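Visitor: For reference, the chains in residue letters:
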Amino acid sequence: MSLYLSIAIIALIYVVIFQIAKASEYVSILKGEENSRKQNNKINGFLMIAFLVLGFVGVYVCNDMLFSKTLLAHDAASLQGERVDQMLWITLIITGIVFVITQFLLFWFSYKYQENENRKVFFFAHSTKLELIWTAIPAITLTVLVIFGLRNWFYFTGDAPKNAMVVEVTGKQFGWIFRYPGKDAVFGKKYYRNIDPATNSVGIIWDDKFAQDDILTEQTMYVVKGQPVKLIIGSRDVIHDVGLSAFRLKMDAVPGIPTTMWFTPKYTTKEMREITGNPNYTYEISCDQLCGNGHYSMKGVIEVVEQEEYDLWMAKQKPQYFVANPDKDPEAAKAAQAADADKANTKDSTAKAATAKM
Amino acid sequence: MSHEAALHAHESHGHDDHGHHEHHDTFLTKYVFSQDHKMIAKQFLITGMVWAVLGGLMSVLFRLQLGYPEASFPWLESILGKWAKGGQITPEAYYALVTTHGTVLVFFVLTAGLSGTFANFLIPLQIGARDMASPFMNMLSYWFFLTASIVMLSSLFVETGPFSGGWVAYPPLSALHDASPGSKSGMDLWIISMALFVVSSLLGGLNYIATILNMRTKGMSMTRLPLTIWALFFTAVLGVLSFPVLLSGFILLIFDRNFGTSFYLSDIFVNGVGALSNEGGSAILYQHLFWFLGHPEVYIILLPAMGMVSEILSVNSRKPIFGYMAMLGSLFAIAVLAFLVWAHHMFVTGLNPFLGSVFVLLTLLIAVPSAIKVFNWLTTLWRGNIRFTPGMLFAIGFVSLFISGGLTGIWLGNAALDIHLHDTYFVIAHFHIVMGVASMFGMFAGVYHWFPKMYGRHLNNSLGYFHFWVTLAGAYMIFWPMHYEGLAGMPRRYFDFSIWESFKQFAELNRFISTVAMIVFAAQLLFLINFFYSIFKGRKVTDPNPWKSNTLEWTTPINPGHGNWPGEIPEVHRWPYDYGKDGVDFIPQTTPVGEHESSH
Chain A
1 MSLYLSIAII ALIYVVIFQI AKASEYVSIL KGEENSRKQN NKINGFLMIA FLVLGFVGVY
61 VCNDMLFSKT LLAHDAASLQ GERVDQMLWI TLIITGIVFV ITQFLLFWFS YKYQENENRK
121 VFFFAHSTKL ELIWTAIPAI TLTVLVIFGL RNWFYFTGDA PKNAMVVEVT GKQFGWIFRY
181 PGKDAVFGKK YYRNIDPATN SVGIIWDDKF AQDDILTEQT MYVVKGQPVK LIIGSRDVIH
241 DVGLSAFRLK MDAVPGIPTT MWFTPKYTTK EMREITGNPN YTYEISCDQL CGNGHYSMKG
301 VIEVVEQEEY DLWMAKQKPQ YFVANPDKDP EAAKAAQAAD ADKANTKDST AKAATAKM
Chain B
359 MSHEAALHAH ESHGHDDHGH HEHHDTFLTK YVFSQDHKMI AKQFLITGMV WAVLGGLMSV
419 LFRLQLGYPE ASFPWLESIL GKWAKGGQIT PEAYYALVTT HGTVLVFFVL TAGLSGTFAN
479 FLIPLQIGAR DMASPFMNML SYWFFLTASI VMLSSLFVET GPFSGGWVAY PPLSALHDAS
539 PGSKSGMDLW IISMALFVVS SLLGGLNYIA TILNMRTKGM SMTRLPLTIW ALFFTAVLGV
599 LSFPVLLSGF ILLIFDRNFG TSFYLSDIFV NGVGALSNEG GSAILYQHLF WFLGHPEVYI
659 ILLPAMGMVS EILSVNSRKP IFGYMAMLGS LFAIAVLAFL VWAHHMFVTG LNPFLGSVFV
719 LLTLLIAVPS AIKVFNWLTT LWRGNIRFTP GMLFAIGFVS LFISGGLTGI WLGNAALDIH
779 LHDTYFVIAH FHIVMGVASM FGMFAGVYHW FPKMYGRHLN NSLGYFHFWV TLAGAYMIFW
839 PMHYEGLAGM PRRYFDFSIW ESFKQFAELN RFISTVAMIV FAAQLLFLIN FFYSIFKGRK
899 VTDPNPWKSN TLEWTTPINP GHGNWPGEIP EVHRWPYDYG KDGVDFIPQT TPVGEHESSH
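Listed in order, the protein sequences are those of chains A and B. Every letter in the first sequence is one number past the one before it in our numbering, and letter 174, counting from 1, is 174. Plus 358 on top of the position in the second sequence (first one is 1) and you've got our numbering.
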């Protein structure tokens, strides 16, 4: 019912606006078309200057309300991010100046040179000098931005430092898998046909001697504060993208073609919670390339911790080889023995209980 | 001389021909299978408008989800059925809506609807020709477009849903039937529709080029062409050179989808299906092929708007366009550079860093001709005598939006910043302002300006003013705040942000944006009412040249028949921008140059 009512109201609004517009046309015929045209011209001229003023006020208000929510409001979480932020500011200032000047001129000219019977227009069709000026100034400014940008681009895409820790990131519909090379610091070879979602989610070749200490985790990746980390990125199915907004970087995960990205985290997750004043803050990995219906929920987490905490965490991880092949796992074998003993005990006690009941 | 004579002979022959036909017009030959460029233009325009309404409605629906993710709208379920279970749009439906919105707006509205309409309508009228070089091919171009439209529309109704992998249709998502429900038969229809669309564009484009090069009237040298025609010419060249590459990319995609090839596929394990046998392909190859069209496509959309805006700004400032040759040069520079920047869409695909640096340089280079255009438009307004017709308002709005959106292109074109901003709302804000809304403004400007020529009647001015101010203010209110969301890293194409600590803070802002989007959409319906009402009931045009314009289309009768000029085609003696020269308000192109007048 309320739906029909709102449709009726909306339709009514249309009819009213339309009728007013039609009436204004008749009025203009009565008043003389030329007169009403001039009046309309004045109104629109005024609106031009009004839009200019309100527009700049709007830009200010918008900035006031939203700036604190952007990443620029506090320090970048990586060394690379510092450079990105610096570039953002420089680009913002340059384009901001151009924006203010050109928008001002556009609406100011529109207002100032609105139709006026007494004005004789200035027949001005060409000026080589002016054209050269506004070819040269943008060209020079852009050269500066290009040089600045490319220096950073080559730094970001260049080789990671030698001491970088290496993590392999694999995207899948819809989650993230992380592989650490283990004690030998070398990843075992993998082949996609070996993938078994339950035990071997990236398709590691177990026969490879480097493979047996590789560690797999899902959803959460641990890295160390201050130590460069190099990601080797791949995908199991469609294209994903490792989006690290806090670190100001991202890189696609393409099936069949590994990509890389490296960065140096500056703050631990805990420190970042203090900096942002948000006790729930986490470094999130967002998938930034449409990958299917679950795209929006493809979230990973990066825990940036101090070295000691990282070592503790790492010590608790079990190589995937033993998860996939429990019979090869010395600890599992021990545990199995213990479990057998347990079972025997339970059996025993059940038997006893049964006897007792009898 | 002999060339001109031949042209003349052809013209008079053409005229006789048309005169002969006029008596046999039936409803079918006049409105449906018409070969008159003006009628074909109207067919493109109205089909484009239908798509604009559908595409806009889709954006309202997915904005509803983004703005009110918690709310439930029972009426949605009654319209969309299983796609809005319980009154909430499902992720499947959301991604289908986003994809179709993009495809339809980019190709069907802003390519076919914009250059299809105005290239058809303006080229023969402004160069002084009776019709296109091949009216039959022209008709075919529309019919291929309509067929593409029907196929696309039908894809909305297949069981597994329309394609939902984004308008760029990156494989493997688009290539694997099991990767997403939308990649099943919905994708087959999508790709067939797009292939038909490419054929339509090629038929149209070849015709526009041939017509502009060969069928100009006597005296209409290339440098006496209005800038609209130049812009449409470069648009057609871009389309003819780049659309075939897209088609080849699509054909390989069809092979991968249906015939087991591995052009784009390698090392894939699909959940619930297992490892696929495809090896050795490259998913990135598709992106190169796609963006080789995809980037020129941006200019295919933008250049016609630029051309029309140049013309409309000059006419309504009563002043020549400033720097005609510089405008032409910058159009040319943009058209050439358009082919050399495609990989800036691929900075984060693992592109070779050196190659990336070349694309950074070339991309930022495009800002130079763009800046020249903006400064020339500003100088055109300077010391003019400006008439605010609705067309003029939209042209001024275009310049404002082009500046705002163009400047953020400098951010995104710089690869080191793109690594941060790529695929965030910053990109959405950028391309909607500079390409979407700006070109839409160019289209509106064109419709308001040439409506009297199309239908012999005037649009209602008051509605036009209202439409303009609401749309301009609304467009900024929708897209300006999105820059901030992008600077917070908020990714595009997310159905819901509630699980994201970094992005859920924008819930309130999203609601605001969605509300404004609905109001702006509602204001567009006023334009539609104005348009269709005025076709039948608008104030009749009494002056054949209502804007006091110099160009040739206004020398035809108020309602020109097939063939455009009843008698001889007028001869051209000057460039089209003699406004305010020697104190004379305007001097049409057909006026011979006076003895003491300095010719331009």
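A couple of the hints might just be wrong.
[As the list claims (entries may be wrong)] With a cut-off of at most 25 angstroms between alpha-carbon atoms, the simulated DMTMM-like pairs for lysine to aspartate or glutamate come out as follows:
#1 A:Lys120 - B:Asp546
#2 A:Lys183 - A:Glu308
#3 B:Lys862 - A:Asp85
Derived from the structure by calculation, the hints contain no laboratory data. Bear in mind that the values here come from a model prediction, so they are computed numbers and not experimental data.
Visitor: Does the structure keep lysine 862 (chain B) and aspartate 85 (chain A) at a Cα separation of 25 angstroms or less?
Guide: 22 angstroms, holds
Visitor: What's the verdict on lysine 120 (chain A) and aspartate 546 (chain B), does the C-alpha distance respect the 25 angstroms limit or exceed it?
Guide: Status violated; Cα separation ~61 angstroms.
Visitor: Is it true that the CA of lysine 183 (chain A) sits at most 25 angstroms from the CA of glutamate 308 (chain A)?
Guide: Holds: lysine 183 (chain A) and glutamate 308 (chain A) sit about 16 angstroms apart, inside 25 angstroms.
In summary, the structure is inconsistent with hint 1 from the numbered list given earlier, while agreeing with all the others.
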